[in-house]
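Position chains W and P against the provided structure of chain A, taking the given hints into account.
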Amino acid sequence: MNPILVFDFAGIAVFAATGALAASRKQLDIVGFLFLASVTAIGGGTFRDLILGAPVFWVVEPAYVIVCAAVAVVVYFTAHLIEYRYIALLWFDAVGLAAYCVFGAWKGLTLTGSPTIGVVMGVLTATFGGVLRDLLANEPSVLLRPEIYVTAALAGSATFTVLTLAGAPLLAAALAGFLAAFLVRGGALRFGWSFPPYRSRPGRRQEDIFK
Amino acid sequence: MNPILVFDFAGIAVFAATGALAASRKQLDIVGFLFLASVTAIGGGTFRDLILGAPVFWVVEPAYVIVCAAVAVVVYFTAHLIEYRYIALLWFDAVGLAAYCVFGAWKGLTLTGSPTIGVVMGVLTATFGGVLRDLLANEPSVLLRPEIYVTAALAGSATFTVLTLAGAPLLAAALAGFLAAFLVRGGALRFGWSFPPYRSRPGRRQEDIFK
Amino acid sequence: MNPILVFDFAGIAVFAATGALAASRKQLDIVGFLFLASVTAIGGGTFRDLILGAPVFWVVEPAYVIVCAAVAVVVYFTAHLIEYRYIALLWFDAVGLAAYCVFGAWKGLTLTGSPTIGVVMGVLTATFGGVLRDLLANEPSVLLRPEIYVTAALAGSATFTVLTLAGAPLLAAALAGFLAAFLVRGGALRFGWSFPPYRSRPGRRQEDIFK
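Heads up: the sequence lines are chains A, W and P, in that order. This note's numbering applies: residue 1 is where the first sequence begins, and numbers increase by one. This note's numbering applies: residue 1 is where the second sequence begins, and numbers increase by one. This note's numbering applies: residue 1 is where the third sequence begins, and numbers increase by one.
So that you can see chain A by itself, here it is in the shape it has in the complex (with noise of 0.2 angstroms):
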């Protein structure tokens, strides 16, 4: 087995338990945990091989479907444990998404030879999941969030394709893309990082339609 896909069953097993979380959270029922976790763990991945035209993985292999399952039960019964549910479910989205910005990344740079492809993908594999978990939950798109989110994709993905092109080992290289992703994203997470917001001009309100 290739060892970078520990990259992406880490990815899918902690984005399964986010999008149970999210689930918990709306109090949907043992359903409603198997459908978004699903849909959580194997959305941005399903993005990734559509547009890169390989077979959807988990259609190539129904174990991650299991997978998520397994992790969707598991959280439907111990999710009473954890006190601050939102907290949980946005630091198992940081490991998700430094998993699967190495694997993206991986995956795009393998397929096509293009290290923009691979950081792209990289960017769309880590974040997509997460963006269709927020829409199907209805909760506020962690995309919009004041704190860095896409740029850690981005480090991770970046780091990870500048270090495979120099000529680093696969393993070394996916571990310092997933510590660049984590490391920004834990970062923003615990002390608020962020860029500059954009701001036309001081003072104005968001309020405005128009502008």
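Do not take every clue at face value.
Claimed, not checked - Straight-line Cα separation of at most 27 angstroms, DSSO-like style, residue types lysine-lysine; simulated pairs:
1. W/K26 - A/K26
2. W/K26 - P/K26
3. A/K26 - P/K26
What the hints assert, rightly or not - Some but not every residue of chain P turned toward chain W, in silico, with C-beta under 10 angstroms:
4. I117
5. V150
6. P196
In case anyone wonders, no lab produced these hints; they're calculated from the structure. Glycine included, every Cβ here is placed at the ideal spot set by N, Cα and C.
Same frame as chain A, but now just chains W and P:
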């Protein structure tokens, strides 16, 4: 013609009607009816075919699009006769759900041979059109309603898949799957059937943003 | 280079600008600008290519992604010069809509030979990027606005398709389609053109939840 296509056309027609009813609730114009009817009716099957790597059904046979357009026009001129249009939408949606979970499971099972993929494709085909409709029309998502929804698609897909693997004739398995899904969803609509929702502890307030 | 590609690059650039303008309205950071600009600009064409079974255009030619990134950076540094950014967004969106409905119709017609698929692909390419932008940026959907929107894409796609089938030269049909779509959408923006919205009966209240 393969008789299972009856379920496909039935699903198309009633899902198109739900999209057009959603358009009527948003007071869109005739082109808005055509758009929402088409996206709702062919959205689930489009994702199914993309994920399975099959040619998209309505690109192969554009008559499906014509059916959507015809249904949208009929609803545009008759919706005012229906007193409770949201309730009509929910019942049409139930029929479409039942028809599409059978057809999706059949297509997934036939193309991949995997029962897991068959069941997942049945659920995905049956639910994604409605999810898209609610997202685009800015309606509350049918997924987040308290009564049973995804479960009905799961019941129908699983019934069809198990009976088919057990050697039942195609149409018998399809009818049994259709009835299983429709009875579960119809019972949920009529009697408010629901699984116990997830609750972390008694009396917790849904507004707690981090819990 | 096929001259119809002019419409493709024009569509990319102005849709990227609308995504970046939406990011400026949400006060996102520079990476948020890059993300929303890219999704808006390449979202519609990505769905078009997936559905047609064609290789996704920006995977084949990553320069499209670079164009999106460049436009996002330019808008990041110049948007404060624009007084009414939402109005600018709507007019750029109108140009993108007109360019993309022609290019989408050409690609759909060329790849399948079916005029129905050509028209549908024109509408889908022209409208889906904007739909994604509004969903991700949590803006009111351009689809649900009272004035004409999808109709303009339909007018442009149909004009191009009919003229092409009638034997008109490619660029003449493309320009006519572009003008048809832009005049319809521009008139709608300037003069508030709309079809009569659907109304079930005089004076009914929009809040009636089941009607």
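Verification of the hints:
| no. | hint | result |
| --- | --- | --- |
| 1 | W/K26 - A/K26 | holds, 26 angstroms |
| 2 | W/K26 - P/K26 | holds, 26 angstroms |
| 3 | A/K26 - P/K26 | holds, 26 angstroms |
| 4 | I117 | holds, 6 angstroms |
| 5 | V150 | holds, 5 angstroms |
| 6 | P196 | holds, 7 angstroms |
When the structure is compared with the earlier hints, no violation turns up for any of them.
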